[in-house]
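2 protein chains.
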Amino acid sequence: MTLLRRSPGRVYLPQGFSFSAACAGIKASGRLDLGLVEAPPGTTAAAVFTQNRVVAAPVEFGRAALAANHGRMRAVIVNSGNANCATGDHAYLACQQICRAAGRLLGLQSEEVFPSSTGIIGVALPTEKILATLATLVSERGTTKKHLDQFVRAIMTTDTRPKLASVRFRSGKGTITLAGVAKGSGMIHPQLATMLVYLFTDAAATAAELKRFLRGGCEHTFNCISVDGDTSTNDTVLLLASGKSGVRLNNKSTRKRFAHALSEVCESLAEQIVSDGEGVQHVIRLSIEQARSQKEALRVARAVAHSLLVKTAWAGADPNWGRILAAVGSSGVPIKQDKVSIFIGSQLVCRNGASCRFDERRAHEHLVKPGCDVRITLQRGRAGTTFLTTDLTADYVRINADYST
Amino acid sequence: MTLLRRSPGRVYLPQGFSFSAACAGIKASGRLDLGLVEAPPGTTAAAVFTQNRVVAAPVEFGRAALAANHGRMRAVIVNSGNANCATGDHAYLACQQICRAAGRLLGLQSEEVFPSSTGIIGVALPTEKILATLATLVSERGTTKKHLDQFVRAIMTTDTRPKLASVRFRSGKGTITLAGVAKGSGMIHPQLATMLVYLFTDAAATAAELKRFLRGGCEHTFNCISVDGDTSTNDTVLLLASGKSGVRLNNKSTRKRFAHALSEVCESLAEQIVSDGEGVQHVIRLSIEQARSQKEALRVARAVAHSLLVKTAWAGADPNWGRILAAVGSSGVPIKQDKVSIFIGSQLVCRNGASCRFDERRAHEHLVKPGCDVRITLQRGRAGTTFLTTDLTADYVRINADYST
Chain W
1 MTLLRRSPGR VYLPQGFSFS AACAGIKASG RLDLGLVEAP PGTTAAAVFT
51 QNRVVAAPVE FGRAALAANH GRMRAVIVNS GNANCATGDH AYLACQQICR
101 AAGRLLGLQS EEVFPSSTGI IGVALPTEKI LATLATLVSE RGTTKKHLDQ
151 FVRAIMTTDT RPKLASVRFR SGKGTITLAG VAKGSGMIHP QLATMLVYLF
201 TDAAATAAEL KRFLRGGCEH TFNCISVDGD TSTNDTVLLL ASGKSGVRLN
251 NKSTRKRFAH ALSEVCESLA EQIVSDGEGV QHVIRLSIEQ ARSQKEALRV
301 ARAVAHSLLV KTAWAGADPN WGRILAAVGS SGVPIKQDKV SIFIGSQLVC
351 RNGASCRFDE RRAHEHLVKP GCDVRITLQR GRAGTTFLTT DLTADYVRIN
401 ADYST
Chain H
1 MTLLRRSPGR VYLPQGFSFS AACAGIKASG RLDLGLVEAP PGTTAAAVFT
51 QNRVVAAPVE FGRAALAANH GRMRAVIVNS GNANCATGDH AYLACQQICR
101 AAGRLLGLQS EEVFPSSTGI IGVALPTEKI LATLATLVSE RGTTKKHLDQ
151 FVRAIMTTDT RPKLASVRFR SGKGTITLAG VAKGSGMIHP QLATMLVYLF
201 TDAAATAAEL KRFLRGGCEH TFNCISVDGD TSTNDTVLLL ASGKSGVRLN
251 NKSTRKRFAH ALSEVCESLA EQIVSDGEGV QHVIRLSIEQ ARSQKEALRV
301 ARAVAHSLLV KTAWAGADPN WGRILAAVGS SGVPIKQDKV SIFIGSQLVC
351 RNGASCRFDE RRAHEHLVKP GCDVRITLQR GRAGTTFLTT DLTADYVRIN
401 ADYST
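So the protein lines, in turn, are chains W and H. For what it's worth, the working numbering labels the leading residue of the first sequence as 1, then goes sequentially. For what it's worth, the working numbering labels the leading residue of the second sequence as 1, then goes sequentially.
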């Protein structure tokens, strides 16, 4: 699919969306903490959410609104600095008040506004501060790249960089643009959903079509990453389609290209989230091969990705494959030790469950890089997966052990 | 059971066992790294091992020897500094050579010697160094507390303290003594087995009886602890009974007392292992209550104990119960958010899945202590468990990210 246009510096803006950001005073730092997206009439939407049994009020609220509207959505309002989770009735009331007030300012029903929150769990959302900021937020919206940039900054928490990806491709009848933004950093181990991700396209599609595309787009991207193994209460991926390109996803070739474009954007955002994980020095691309099923491959990947001893070895660029082998063995998958081989970079470091001669210095030098490859073969079948994960550094501990945050 | 005698400073030595330790030069530090236990004729034995699918050669060797001997064992030989794991045939050959040579010096069959190893995985065990040290090791064995102390030091790796526990109790016909030693520190998340633990008693019992006692003794102790969630390839708990007290475990009252004594010793060793975990500042006693089954309670306990965000919050003595709630929600147990309550110390900090008023400073002060209590109630049933775990500090990362180790 070489027709996709991407460039690291360039952002393609899908038609029909406007963006805005403001400081409501939720973050003590005084940084941007409130964001708004407005979409044109006729916009369709689909979303996937966290599988955590503890969910934040905006997740329940957004899910219900999408169902009530049959997948129509006209606006998104997001705050950072507070998860609006586990504060009982207050959390639901806050969603209601905010969506109603934003709807009033935008001339929309309250159910046409999709709420999101990210930040600390269990602290009452300062609703009044948000309500007092809504008029400014609405009046300052615009469709330029600068507006989108400000929106992305407003959803950041411990992220050190804004996360954006976009592609544009021609279909027979016109040009479709797809852009996505994300926030990540900590509590990153999405299960069938993910952190906060918003995807915007000007393609024309029904909500049911969008849902199918979205599930496919998430499967090998957001569902295959982990920073710390903690699954959030607020994970949300929302896809909005304005239809403003005038191109419907109604033929096979366009659908294929759109699915590919969506995968590209999701993959890029997933990579950006992992590489900006809290305290991360190295991103590890973990390939599990020759598993009996993809589920089994994922189980092995997660066991390795969540082993503290493996993650700390990576922090030290230590080619200690014994810890990787031990993690594979405790994954719950009935592997045979003498069938497991491990590669660091292109080098075989463990053959059939036992040590083999390898250039330790070269393996160390590979692990010093910001992006590393670790490949594990199981000799059980033909399935596999690629999983993005990180090392665990003393900085991660410092960021999360700091009582003042 | 007030008849058990324990005192922190005092060690009760069971009759019939002699101990020894030596420096074989496996550890670069030049510290003690080879230990020997000799038991008298007629000694019975039972063991439980790691559930990791990747197992070290001594685990397979020891398991096979116990089966071949129908639970008779006369000696234990342990090295630290090398796990003798994942080095292919070399590992098995090393076990064979060492057990045969030790047997020859002690006048025993090779299968009467039980091998154990702990240390780095995937590096060839320096068999020659061990063989060259065996004669000294055997000649210096003795039955005093000092000999036992030296043995405990020889099995340490990153442990900062030796771990010992013993009890003595009277039974109608005599006095039974039970002593145990352990090494722990990292890769601590035993699954139906544990790190290296050796338990010695002078009670008289069949191997089958010992096996039953041992399973019961491990269930709520070594199987309910975790430092880093990593399950070792070498975990072994071995119980040896010399019979030298002359007291058989053949009546209900003696059996009950013995089971109680075994639980006490295992509990003490489990606590010692957790509190000496790598980089540990705080030990957290996690109580899960009102679960539907004990298995379910354990699943919730492990999800909380292995959450990096929970562990790092504990490192900062941060009463951030939202992270605990999120971990409970992602445990896979179908809990209802509005039924979950959380206590820190004696204080309720989360009532029915939502925030409630509590004295944050008091909660913080509780979490500053070296031993803390966190209690979670689920309102699902009557089962529960107590799980010992730790905080995660920057020191843990430093210890395990150090490439030179």
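Among the clues, some could well be false.
Copies of the same chain are indistinguishable here, so a pair counts whether it falls within one copy or spans any two.
As the list claims (entries may be wrong) - Pairs of lysine-lysine residues, derived as DSS-like cross-links and limited to a Cα-Cα distance of at most 30 Å, are as follows: (1) Lys211 - Lys336; (2) Lys146 - Lys336; (3) Lys244 - Lys211; (4) Lys211 - Lys145; (5) Lys146 - Lys244; (6) Lys369 - Lys145.
By construction, these hints were calculated from the structure, which means they are not laboratory data.
Checked hints:
1. Lys211 - Lys336: between (39 Å within a copy, 27 Å between copies)
2. Lys146 - Lys336: Answer is neither: 54 Å inside a copy and 43 Å across each miss the 30 Å cutoff.
3. Lys244 - Lys211: Only inside one copy: Lys244 and Lys211 sit 19 Å apart there, 72 Å across copies, limit 30 Å.
4. Lys211 - Lys145: within (27 Å within a copy, 70 Å between copies)
5. Lys146 - Lys244: within (20 Å within a copy, 83 Å between copies)
6. Lys369 - Lys145: neither (32 Å within a copy, 51 Å between copies)
The structure fails hints 2 and 6 (numbered hints given earlier, in ascending order).
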